[in-house]
Structure formats: structure tokens, C-alpha cells
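**Student:** Using the hints provided, position chain B relative to the given structure of chain A.
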Amino acid sequence: MRLPLAIASFVVLIVHGVVFYEQFFHRWERHQTAYFEQARSMAQNPAEKAALEARSPQIEQVIVTNFGDTRVDRCTTCHLAADDPRFANMGSPLKTHSYSAAMGDVFRNGHWERRHKFSDFGCTVCHDGQGRGLDNFHSHGEDEFWPDPLLGYVTQTTWRKDFAPHLKGEEYMEANCAQCHTQEDFAGTPTVNRGRKLFYGMNCYGCHKIDGMSEGTLGPDLTEAGKKFKVDYLWESVVEPRANLATSFMPKFNLPEADVRALVIFLKSRRGVNFAETSLDRYKAHVANVAVVIPPGTANEKAGEQLLNDRACTACHKLHDKDGGIAPDLTYEGMIRDNEWLTDHFKNPRSRIPDSIMPSFRFPVEDFDRLSTYLASLKTPPPAMPPAETYKTLCERCHGEKGDGNGKVAWYIDPSPRDFTKEGFMNSKPRARFVESIKSGVPGTSMPPWGRILGAEQIDGTLAYVLQKFTKEPGKEPKPRNVPDKNPVATSAASITHGEQLFLQRCTGCHGRKADGKGPNSLDILPHPRNLRNTAFVDTTTDRRFFESILYGVQGTAMPAWIDYGFSRNDVGDILNFIRSINVQKPRSQQYASK
Amino acid sequence: MSIQTPEKSAAPAGVWSALKELPSNVWSSVFRNPVPSTDLERASTSFTNFFLHIHPVKVNRNTLRPGYTLGLGLISLFLFFILVATGILLMFYYVPSTSQAYDRMLDLRGTVAFGIFLRNMHRWSAHGMVAMVFLHMCRVFLTGSYKKPREFNWVIGVLLLLVTLFLSFTGYLLPWDQLAFWAITVGTSIAGYAPLIGKQMQFVLLGDTTVGQEALLRFYVLHVAVLPAVLVTLVGIHFWRIRKDGGLSRPEEAPKLKAAPVVVKTRIYGLQGFVRGPFTKVGNTPEDSVFSWPNLLMAELFVFVLTVSLILVVSLMFNAPLEQPVNVMHPPNPAKAPWYFLGLQEMVSYSAFWGGIGIPGIMVALLLVVPYIDRGTQGVGRWFARERLLANTLFLTLVTLNIIFIIIGTFFRGPNWSFVSPF
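Protein chains in written order, with my numbering: chain A, 1 to 595; chain B, 1 to 423.
Don't read these hints as lab results, they were simulated from the structure. Warning: the hint list may mix true and false statements.
[Unchecked claim] If you anchor each label on the Cβ, the simulated ranges turn out as follows:
no., chain 1, residue 1, chain 2, residue 2, range
1, A, Ser9, B, Ile88, 48 to 54 Å
2, B, Gln100, A, Pro85, 32 to 38 Å
3, B, Ile88, A, Thr70, 23 to 29 Å
If you're wondering where the values come from, they're calculated on a predicted model, not measured in any experiment. Ideal placement from N, C-alpha and C gives every residue a C-beta, glycine not left out.
Chain A extracted, bound-state conformation (with noise of 0.2 Å):
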């Protein structure tokens, strides 16, 4: 017992020791002393030489008041020469703060002097890093968790490497200078002014908010993304932008290094309200940058093409040679879609499909105007093509290369274009339904009327090509369903509330409570479950196809055949009452576009 606890009490007296070591033997005291040192073999006069021996080394601060909430930097503990010109040439952390003419420090009288005072700016202003720090790794911000590192100077260990040798370099200060020298034009932020005219340029601005800037709603707000994201984010986010999230559907933009250093420090910059910003400025800034200046006089189609440029509509939309990827082909736009459509679409895109994704643009209406009439004189119909062509040029982006409905944009439409490799489906239906989904569109989807550019015959092969290339077994034309053409159970409210009732009990799992098409089964769904509030489309399908569609399921698709499930034709007539009810009344949206 004694000997243990004689061994117990030694490691209770090393640790002791060693804690005491370290509590008073600091680096920043070795610092000091060899300033002292240096310093005092500098001295020019016995009174210098006797202050530098009577100072003894203690921590340094400067708590700066005039920048937002109080910082206590106490750098210059370390870096006690910054402001002692003697010290140029020595190494760091004894090493003088270089001095710039550019940054505003002025020669005079045999001696510097600097514009940005340490007592007045202290260090983290324009630096980062942690000011109450008095080792490397945590002043630095080398720790991890410290979110505001040395701007351009350190790289923390969690970093990605290939990263890590980009984010290094005094440019990245500018993000700390444009704090307050916010002019758009400044000569000191050549990097941050670079970055701002990208961040138009280069249409970022039509999906992300900078407030005050800009106004986008697709992307992350990015007003605070500087106090938000280290660079080493920033520069991941600009380069791969689903390195993050893979669901993203931010372009990939491939910029040169330059370009993306640019933005990322001008990101770095966005830190919410800065210290000399008014939200008056910023506006300013806003309707600088993004003011379109249509000459007076302008015909409406010169004038939309620029718009179409300026508001960035190629960043998701197809036009030309330029292709966002992201929706639909505006090439024959003007010829597939009437005026009312296009206007109706653009004040409110889902008053024609009702489950689009794209944003409801705040334009003022003689934009619209100018927008649609640039999209109808595009007057150039297709050339006449063999079908493989055809379907490469105006379904494959939708319906994809393998005709399995994953096309380039699928994933951002809803309803998903058809998979036609599913011969179940295409098998199931007869040959009329394809042609009029083709000529006529499928009304309340992204599915347009082809009929409006493509002849008869053009469908026919068309449809054709489709089943014979990814439609498995094509086979024969379907036997027609027993079905009644027209619902026989007249609508009544005691046929509604029958017809909700067994909606409630039988269709939520899947077409969600408000038959939106979203219950909790829709998502392992593929194709999804129709939308049934999708007026549009609810309308223009017919009743016999709506019957054949619950008493004899969906072929291909998750929709059972509820005749399985004791079903009778009364009870289909009474849901198909209660669907059309809640299809009567125009949505909102809609009453608010037919105005």
C-alpha cells in the first residue's frame, strides 16, 4: 500500500512540475526577452537603454472598440516590433510591420507614418485570426474550430489539400478591406471589385440573395457567407459545387483560378452589415449592377434579348449556344407556347404547371411583354430531320438518351418526363394516347404541344422510333377496357363526401392527404404519384381514362388496380367526383395570372 501510494504522490509532483513549466515559461516571454535584447543594442541614448532594461515582459493588448463588438488583440505580445521600424529586416515574429504608401502610410519627416493605427484598428480587423490568443496554433486560427484563420496566411489542417495552396496570398485581405472601403471602384480591392463584377457577370446573382445586391431565391443566401464558410468552403462550393450537396443543381462554371480566387474573396467579403455599408449603398450597388439600360426606343425583341441575357435565363435555360442544364430548350419556345401562356407563365410559373420549380420573377410587366415577343420572333422551325434526329434534338433532354425518362433536366421536372423502356406502360395504353400527348402536349406538365412545329407524319415516326428503340417488347394495340366513357354517379355532395372518404382511407399513402401527389410512399416512387390538385391537367383528362386508371391500376407505374381491392364502379365515379371538386375552384396563382 505504501509503495504504491509513495508512486501515486511522485506523478502527482512531475505533473505538478510540468504544469508549472508551462504556466510560466511561455514562447511570447522569449519573444519579448530577445526584443528587449535586440532593441537595446540598437539604442542610441543611455535613457533608452535604461527604459528597455527596466520593461520585463508582459502580455501586450489592444482593445479596439470602433469595429462592431470589442476585440482584445493581443498580437503584438508576440510581434512587439511591428511598429518599431528598426526591425525590417529581422525575421518573424520580431519583424516591423511592412509599411505602404498605397495603403495610405505617409513618408514624412524621416519617418513613416501609418494611416490604419494599431491603437485605432488593432490586428484582427484587417488580419482574422484570434486576437485573444498567446500561442501560434490558437492566435493563428490553426484550430480547427476557429472560424476567421489568418486571411491568406494560414490553412487549417482540415482543409482540402488540393485547396490549401490557392487560399494563400495578401489578396485575400481584401475581403477585411472592402469591410470598409466599400466603393465598387476602390483601388486597394482590386480582387473583391473583380469578384463583384463576376458575381453579375457571371449570373450568380439570378439565384443567390446578397442583400440589398441581389434578389435570387434558387441558391443559398449569401449575404453573410463571408461570416459564415471559411475560404477553403467558399473555393470548394465555386469549383465543385455538389461537393457539398449532391442534389445541388448549381452549373459547374469552370472559371480560370483567377476568376474563381476573385469570387471567393469577394464572398469573403459578404459578412452582413460591415462597418461602413448602408443598406442605401448596397442598393445603389444593386441598381447599378443590375439595372438593364434598355435605350429608349428600342423595339420590345432587341430589348427581351437582352433581358434574356441580363436576367441570366441561360443559367438554367437552353437558348442558342448557351445551356444551363437546368430546364427546358427555349429554342422553338415561341413557336410551342401562345403569348397568354408565356405571360401567364412568366408572372407565375406554376399557373401552368403547378409543380415547376422556377422561381416567380419580380419583373415589371412591360419585361414579360418584351421577353415574350424576343421568344416569339424566334419564328425558325426545325429542319425537316429523320426521327433519331428528331428525338435527339427536342425529346431527348427531357426523356434522356436511353428513353428512360432521365434526361439531362429530368430531375428538376415534375411530373418526371415518361421512362418509355417501361413496356408495361407502353404497352397498356393505345397508340392515339402517345400521338395526342405529342401533338397536343400533356396540359399542366413540361410536356408541350409538339403538333404546333412537328407535321403529322414527323409524329407518327417519331412515336415509332421511340417504341422501337427503348420500348422493350413493343407490342400490340391494348383491347380497349370496359369502362364507362362518362362518369355514371352524377356529382352530389353525398357522392363528394363518399368519394373523400374512401380517398382518406385508400389514396393518402401515396397521393398525400392533399392529393397533392406527395404522401409519405411518393418519394420511393418513380414515376411519382400524379398530382391531383394539377387543375390543368385534371381537367383536360377525360373520365374513362380516369377509371381505367384506378379499376385497372397503371401498368409500369405503382398505381395498383383497385378493382383487385373490392372497388366498384360506384365507388371510382364517387372518388372521381370528389377529385373534380377540389378542381373547380382556380388556385390563387391562376385567378391572380388571368387578370
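**Tutor:** Structure of chain B alone, referenced to chain A:
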């Protein structure tokens, strides 16, 4: 039974001799006894010293067997002492304000002498205390020590475990970093799943609907004043009951001496006859007992030095975590509760009510009533007694399940609480 030191009278009383005897007089006035050399003095030492009189004069040999108690209760107590000492020092620097708390942490780490070391010791002792109190409970259960007459002391012990958990939980928020903020957000929302009063309870705890300044202040007051007072009171009762319940549990031994019972039922001799309940049976235990001084005290000192040196070494090697300052808009993914609640959080991920309130509530209720349900008298004072196979198996199963859930929650849960492999 205080023992007077013998008078050394003969010398003439005078200022000079008074001065000469001053050290020994002061010593004997304070300690009353010389360093003991006889059994009488040993007994007297324990008995007349305020700090030692919590011990009995003699203790059973079984009590001193390291393999029986593992010293877990003592370790918990000493960790609590360390926590009080370091905690009071930390209080000199801490400000329970959302704008200052984190800066104070940075100052503790960077500028205050021994600041980081104090914080490390406080942090690791707190984690250690939670673990040790829990293990102490396991020891008591597995040796069947909660049985009559120690039922109520077991209940006090369970309450102590809960208070310890709550103390650690309230302290978790104080650094006001991301780790603290989100752990408390998760932890208090688990409390919000309680039926009927869940939301109100959460609101009273936080003083708000979210974790903020009010919550920080409340947690601070709970942590430094209310809960320590409750804990000290309960510990006092716990220790008092150990003495009154006849010392630590030990196996029933075959009586080696057939001495006449001290108390005869039919006749009453003196006041002792009025004492009801268990008390030291002077007649038949002397062989199994040893004097507390020095045996028990050396054992305690050893546990103390061991605890302190371990905490010191750990504090020297590992720094207490301090993550980025609170950012309410940027929750970490996943946001995890403190490790001892991760078992709960893991269960909450299956069912909010059952995982967070139902099952833990039932577990605590079971722990509280177990001595009143398990009334058998067999198997007390031995580890894993064969007679208690069923009780021990049930208990160990629940403990293992909890530990497995904690391990899963700690190491196997990644973003969105999805399963990840830590390897």
C-alpha cells in the same frame, strides 16, 4: 468518550514554560490526541476529530477489500471535491453572458495562469464523475447491497446519479460554443417530449423557447448553486445512512464466536435496549474488524492520490474541447447531446417519446423500486452471487443495452443520424 491528555504537571506554571509548550499545546488542543500508538488512541482519534468522525472506530475487513468496492464511491466523492475546488476557481473568471462567456473561455485557454488546466481538470472530472457514479451503482447492484436495511440509501444513490447527470448537463452549456449550444438544444428538446408537461418543463428550464441568454443564466445558477447544494445534502444523507445501516454490506458470515447476545429481548439493560434496528454487535465481530485509523484512512488516501494523479495526467495530456462560437444559424450535422445522453438520443431517433421519456422513465422508476420488489435476503455482499442470477442478468442486460446505445450514438452516427463506420 473523549480522552484527556495526561497532565505533565510538575513543572512550575509560568509564561516561559507556556511558550515552550506552545506548539504541543496548540497541537493537542486542535487534534486532542497524539499520533495514535495504542488501540485506545486509535479509537479516540477517529472519534474526536470532526473530519474523521464520519468513520466508525472500527470497520469490517470486507469493507477494505479493494476487490469488493473497487473504491468507486470514494472516487466519485473525490472527483466531486476536485470539481468543487476547480469550479470555484473557474467562477472567478466566468461570466454567464452570451456575449462574454466564449471570450472568457478563450482567456482561460490563452491568458489566465493555469486557466486551461483548471478547465481540463473540471471537464474531465465531470465526465469521470458521471462514469464513476454509474459504475458505483452497478457495483452496489451486482453485490446485492441495496437489500434490507439499505433500501432507502439505494434510493438516495439513484437520486444522486440523476443529480450528477444534471450537474454535468448544466455545466455543458456554460462554454457557449457550438458543442455546448447544440448539445443542450438536443438535450432539452428530449425533455420536451415528456407528455403533458414536456413543453412547459422545457420552457422553465430554458426560460425561453430556444437556448439563449436566459437559458445560460439558468443553467449557470443551477450548476454553481442549486444542484451542488442538493448534491451535498444528498451525499450527507447517503453517508449518514451508511453508518446507520450498519456500514457497507458484506457477506453473511458463519458466527465464529458464540458470545451471548448483547441485547436480550426480554430484559432491558440500560439505554441500549431502546435502540432499534441494526447496530454493531460488539460480541461477535471483533475478529473481522480493524481500526479505521490507520487502515481505512490509508485506503482512502490511496484512492484520493490515485484519483488526483489520474485526473492531473489526463488534464495535462488532453485539452477540454472548445469549438467555434455559437452560431444559431449553422447547426453541426449531426448535433449530438453529451455522451451520457447519447444512448437516449439514439433511442429518440427511433421514437421520440419512448426513447426520450418512456424508456428512461421506466428505467429510473425500476431502479427506484428495485429494493422494494426484490425482497430476497440471499446473496448480499458477494459479486455475482448465484442466488441473484436473475436480478443480475436483468440488470446487466439493461446496462449493456444502454452502453451499446451510447457507443452507437457516439461513434456510429454521422450526418442526418445515418449509420457510419468509425473505422
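**Student:** Next step is simple, just say for each hint if it's right about the structure.
**Tutor:** Each hint tested on the structure:
Between A:Ser9 and B:Ile88 the CB atoms are about 24 Å apart, so this pair departs from the stated range of 48 to 54 Å. As the Cβ distance of B:Gln100 to A:Pro85 is approximately 37 Å, the hint placing it in 32 to 38 Å holds. Between B:Ile88 and A:Thr70 the Cβ separation comes to about 27 Å, which falls inside the hinted range of 23 to 29 Å.
Consistency with the previously given hints fails for number 1 only.
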